[in-house]
Amino acid sequence: MVEETPWQQSLRYVNRPNPYPFYEELRNTPVSRQPDGSYVVSTYREIVQLLHDPRVTSDPRKRPPEYQFVNPFDGMIIAEDPPEHDVGRRRMMRHFGPPVCPHMIADLEPEISRITGELLDKMIGKTRIDLVEEFAFPLPVTMICKVLGVPAESIPRFHGWIENALDGVDFGPEATDPEQLRRAEKGVAEVAALREFMTALLDQYAKQPGPGMLSAMVHEKDPEERMAHGELVRNAMLMLFAGHETSVNLISHSVLTMLRHSQVHDQLRRRPELVVPAVEEFLRLESSVQIWHTRAALGDIDLADTTIPKGSPIFLAYGSANRDPERFVNPDHPHLERPDNEHVGFSQGIHYCFGAPLARLEVQVALREFVRRVENPRVVEDPPPYRRNQIFRGPYHLLLDIDGIRD
Numbered sequence: 034m035v036e037e038t039p040w041q042q043s044l045r046y047v048n049r050p051n052p053y054p055f056y057e058e059l060r061n062t063p064v065s066r067q068p069d070g071s072y073v074v075s076t077y078r079e080i081v082q083l084l085h086d087p088r089v090t091s092d093p094r095k096r097p098p099e100y101q102f103v104n105p106f107d108g109m110i111i112a113e114d115p116p117e118h119d120v121g122r123r124r125m126m127r128h129f130g131p132p133v134c135p136h137m138i139a140d141l142e143p144e145i146s147r148i149t150g151e152l153l154d155k156m157i158g159k160t161r162i163d164l165v166e167e168f169a170f171p172l173p174v175t176m177i178c179k180v181l182g183v184p185a186e187s188i189p190r191f192h193g194w195i196e197n198a199l200d201g202v203d204f205g206p207e208a209t210d211p212e213q214l215r216r217a218e219k220g221v222a223e224v225a226a227l228r229e230f231m232t233a234l235l236d237q238y239a240k241q242p243g244p245g246m247l248s249a250m251v252h253e254k255d256p257e258e259r260m261a262h263g264e265l266v267r268n269a270m271l272m273l274f275a276g277h278e279t280s281v282n283l284i285s286h287s288v289l290t291m292l293r294h295s296q297v298h299d300q301l302r303r304r305p306e307l308v309v310p311a312v313e314e315f316l317r318l319e320s321s322v323q324i325w326h327t328r329a330a331l332g333d334i335d336l337a338d339t340t341i342p343k344g345s346p347i348f349l350a351y352g353s354a355n356r357d358p359e360r361f362v363n364p365d366h367p368h369l370e371r372p373d374n375e376h377v378g379f380s381q382g383i384h385y386c387f388g389a390p391l392a393r394l395e396v397q398v399a400l401r402e403f404v405r406r407v408e409n410p411r412v413v414e415d416p417p418p419y420r421r422n423q424i425f426r427g428p429y430h431l432l433l434d435i436d437g438i439r440d
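Per our numbering: the sequence shown = residues 34 to 440.
Treat the hints as calculated values from the structure; they're not laboratory data.
Values in this document were obtained by computation on a predicted structure and should not be read as measured data.
Do not take every clue at face value.
Unchecked claim - Under the rule of at most 25 Å between Cα atoms (straight-line distance), these lysine to any residue pairs were calculated in the SDA-like manner:
1) Lys95 x Arg393
2) Lys95 x Asp69
3) Lys343 x Cys178
4) Lys219 x Ile111
5) Lys240 x Lys219
6) Lys179 x Val133
7) Lys179 x Phe230
8) Lys254 x Ala226
9) Lys179 x Phe204
10) Lys343 x Lys159
11) Lys179 x Glu166
12) Lys179 x Asp86
13) Lys179 x Lys159
14) Lys95 x Asp119
15) Lys155 x His136
16) Lys95 x Pro68
17) Lys179 x Arg393
18) Lys155 x Gly382
19) Lys155 x Asp335
20) Lys254 x Gly182
21) Lys179 x Lys95
22) Lys219 x Asp200
23) Lys179 x Glu218
24) Lys155 x Glu167
25) Lys254 x Asp415
26) Lys240 x Lys159
27) Lys179 x Ala249
28) Lys95 x Glu264
29) Lys159 x Pro418
30) Lys179 x Gly263
31) Lys155 x Gly193
32) Lys95 x Gln82
33) Lys219 x Phe230
34) Lys95 x Gly382
35) Lys343 x Gly182
36) Lys179 x Ser345
37) Lys179 x Asp210
Said to hold, decoys possible - Pair ranges (Cβ atoms, derived):
38) Glu258 x Asp434: 49 to 55 Å
39) Ser295 x Glu375: 26 to 32 Å
40) Lys254 x Glu359: 27 to 33 Å
Here a beta-carbon is modelled for each residue, glycine too, at the ideal position from N, C-alpha and C.
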């Protein structure tokens with residue numbers, strides 16, 4: 034039996050709760066060739082270099098045929114290069130920030146606070162809660178639906194679609210297991226169902242304008258800034274995917290990390306103003322996006338004494354880079370006042386997450402109110418059960434025992 038590489042081991046589901054020992058081993062070889070011909074980049078400096086390198090494509094369609102794969106992000110700006118990426122991103126950003134909506138994110142804070150309060154109120158009288166189902170999921174998904182203009186009553190439907198779609202994606206040694214192949218087949222069907230849902234919603238908005246960003250994009254008056262229908266469908270799916278997945282995992286991991294380190298919980302109780310840097314530190318420690326998989330070399334790239342040949346797939350291990358001791362002092366431990374904490378939790382370069390301001394605000398409000406109102410929270414099972422997806426890493430459930438909810 035061939036021994037698995039640290040990268041292959043990190044991708045196994047059994048190691049989802051703690052891939053970090055494998056990342057540590059990976060960083061001994063910053064750019065490592067894998068048996069399938071792909072290259073894994075695991076160190077901070079090298080990942081940042083590639084994120085700004087025009088010789089790296091984000092479009093899997095530009096790979097050689099032997100490295101093509103079914104990509105759920107096909108045709109979305111996250112899997113495109115300039116100039117297509119730049120045009121699509123600009124058309125989306127117009128309705129998510131300046132110049133059309135300069136105060137959009139700040140104006141959402143009262144609504145985020147209201148929903149957060151209501152979710153905590155529902156926990157009154159309980160002694161055990163599931164943080165994921167009762168708090169970390171409903172807050173960001175309610176907000177992204179409001180921002181996009183997706184009817185709230187549709188949430189249970191697309192929650193299942195997205196969950197199954199993500200479960201179907203696997204880049205590791207278990208990808209060809211019969212059970213995983215069945216998940217992959219189901220995932221493809223769920224992506225198709227989500228696409229059908231989004232197409233119908235946008236068709237409805239074309240006939241009758243409604244609230245939210247999607248309707249505004251459908252009725253964009255400037256022909257230079259208007260997305261084609263198919264392009265809008267694909268990127269609406271992306272916004273729904275990414276607009277809540279990162280926040281769900283970050284809220285869950287923020288609370289889990291805080292409760293694993295009682296001194297951090299105490300710090301936040303005494304000094305609530307530390308919530309802002311705390312969110313950055315939790316995002317560094319437990320990156321919501323652990324890896325990214327769509328990159329490839331457009332030409333030979335020399336990096337860290339290794340040549341990545343033209344056409345080779347490149348995996349960026351963000352979760353490893355954010356714990357690189359060459360970049361961060363004592364990287365495996367939370368330090369709420371860490372200086373110079375420029376992590377890659379939201380990527381960098383042209384594909385920097387444009388939803389990051391909303392995600393940050395959601396998690397800051399959620400964490401501040403959780404610390405203020407939840408009495409004596411304790412983790413029931415550590416590690417908690419994790420979801421299967423290797424990209425968007427987070428707990429499936431996070432059971433907490435609590436003594437009550439303060440007013």
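Evaluation of the provided hints:
Note on Lys95 and Arg393: the hinted pairing is violated, with a Cα-Cα distance of about 33 Å set against a maximum of 25 Å. Taking the CA atoms of Lys95 and Asp69, the gap is about 18 Å. The hint holds against a cut of 25 Å. The straight-line distance between the Cα atoms of Lys343 and Cys178 is roughly 41 Å, outside the 25 Å bound, and the hint therefore fails. The straight-line distance between the Cα atoms of Lys219 and Ile111 is roughly 23 Å, inside the 25 Å bound, and the hint therefore holds.
For the given pair, Lys240 sits about 32 Å from Lys219 by alpha-carbon distance, which is inconsistent with the 25 Å threshold. For the given pair, Lys179 sits about 17 Å from Val133 by alpha-carbon distance, which is consistent with the 25 Å threshold. Restraint check for Lys179 and Phe230: the C-alpha separation of about 16 Å stays at or below 25 Å, so the hint holds. Taking the CA atoms of Lys254 and Ala226, the gap is near 30 Å; set against the 25 Å cutoff, the hint is violated.
For the hint linking Lys179 to Phe204, the alpha-carbon distance of about 33 Å lies beyond 25 Å, and the restraint is violated. Only pairs whose Cα atoms come within 25 Å are accepted, and Lys343 paired with Lys159 is rejected, the gap being roughly 57 Å. With a C-alpha separation of about 19 Å, the suggested pair Lys179 and Glu166 falls inside the 25 Å cut-off, and the hint holds. In summary, the hint linking Lys179 to Asp86 is not supported, as the alpha carbons are separated by about 36 Å, beyond the 25 Å threshold.
Among the hinted pairs, Lys179 with Lys159 is inconsistent with the structure: their alpha-carbon atoms are about 28 Å apart, more than 25 Å. Restraint check: the Cα-Cα separation between Lys95 and Asp119 comes to about 17 Å, which is no more than 25 Å; the hinted pair holds. Distance check on the hinted pair: Lys155 and His136 sit about 30 Å apart at the alpha-carbon level, beyond 25 Å; violated. For the hint pairing Lys95 with Pro68, the CA-to-CA distance comes to about 21 Å; that is within 25 Å, so the pair holds.
A C-alpha spacing of about 17 Å is found between Lys179 and Arg393, which places the hinted pair at or below 25 Å, so the restraint holds. Distance hint between Lys155 and Gly382 is unfulfilled; the C-alpha atoms sit about 41 Å from each other, more than 25 Å. Using a Cα cut-off of 25 Å, the hinted pair Lys155 and Asp335 is violated, with the two alpha carbons roughly 55 Å apart. Restraint check: the Cα-Cα separation between Lys254 and Gly182 comes to about 19 Å, which is no more than 25 Å; the hinted pair holds.
Between the alpha carbons of Lys179 and Lys95 the distance comes to roughly 35 Å, so the proposed pair goes past 25 Å and is violated. For the given pair, Lys219 sits about 9 Å from Asp200 by alpha-carbon distance, which is consistent with the 25 Å threshold. Distance check on the hinted pair: Lys179 and Glu218 sit about 31 Å apart at the alpha-carbon level, beyond 25 Å; violated. Taking the CA atoms of Lys155 and Glu167, the gap is near 9 Å; set against the 25 Å cutoff, the hint holds.
As the CA atoms of Lys254 and Asp415 are separated by approximately 52 Å, the hinted pair breaks the 25 Å bound. The straight-line distance between the Cα atoms of Lys240 and Lys159 is roughly 45 Å, outside the 25 Å bound, and the hint therefore fails. Pair hint Lys179 plus Ala249 holds up; C-alpha atoms about 13 Å apart against a cutoff of 25 Å. Pair hint Lys95 plus Glu264 holds up; C-alpha atoms about 19 Å apart against a cutoff of 25 Å.
Restraint check for Lys159 and Pro418: the C-alpha separation of about 22 Å stays at or below 25 Å, so the hint holds. Taken as a hint, the Lys179 and Gly263 pair is honoured in the structure, with Cα atoms around 22 Å apart against an allowance of 25 Å. The hinted pair formed by Lys155 and Gly193 meets the criterion: a straight-line CA distance of about 23 Å does not exceed 25 Å. Taking the CA atoms of Lys95 and Gln82, the gap is near 20 Å; set against the 25 Å cutoff, the hint holds.
Distance hint between Lys219 and Phe230 is fulfilled; the C-alpha atoms sit about 17 Å from each other, no more than 25 Å. Taking the CA atoms of Lys95 and Gly382, the gap is near 20 Å; set against the 25 Å cutoff, the hint holds. For the hint linking Lys343 to Gly182, the alpha-carbon distance of about 42 Å lies beyond 25 Å, and the restraint is violated. A distance of roughly 40 Å separates the Cα atoms of Lys179 and Ser345; the hinted pair therefore is violated under the 25 Å criterion.
Of the supplied pair hints, the one linking Lys179 and Asp210 is violated, its CA atoms being roughly 39 Å apart against a limit of 25 Å. At roughly 51 Å, the beta-carbon separation of Glu258 and Asp434 lies within the given 49 to 55 Å, and the hint holds. Distance hint check for Ser295 and Glu375: the Cβ-Cβ separation is about 28 Å, which falls inside the suggested range of 26 to 32 Å. Judged by the Cβ atoms, the range 27 to 33 Å given for Lys254 and Glu359 is violated: they are separated by roughly 50 Å.
The structure is inconsistent with the numbered hints 1, 3, 5, 8, 9, 10, 12, 13, 15, 18, 19, 21, 23, 25, 26, 35, 36, 37, 40, although it conforms to all the rest.
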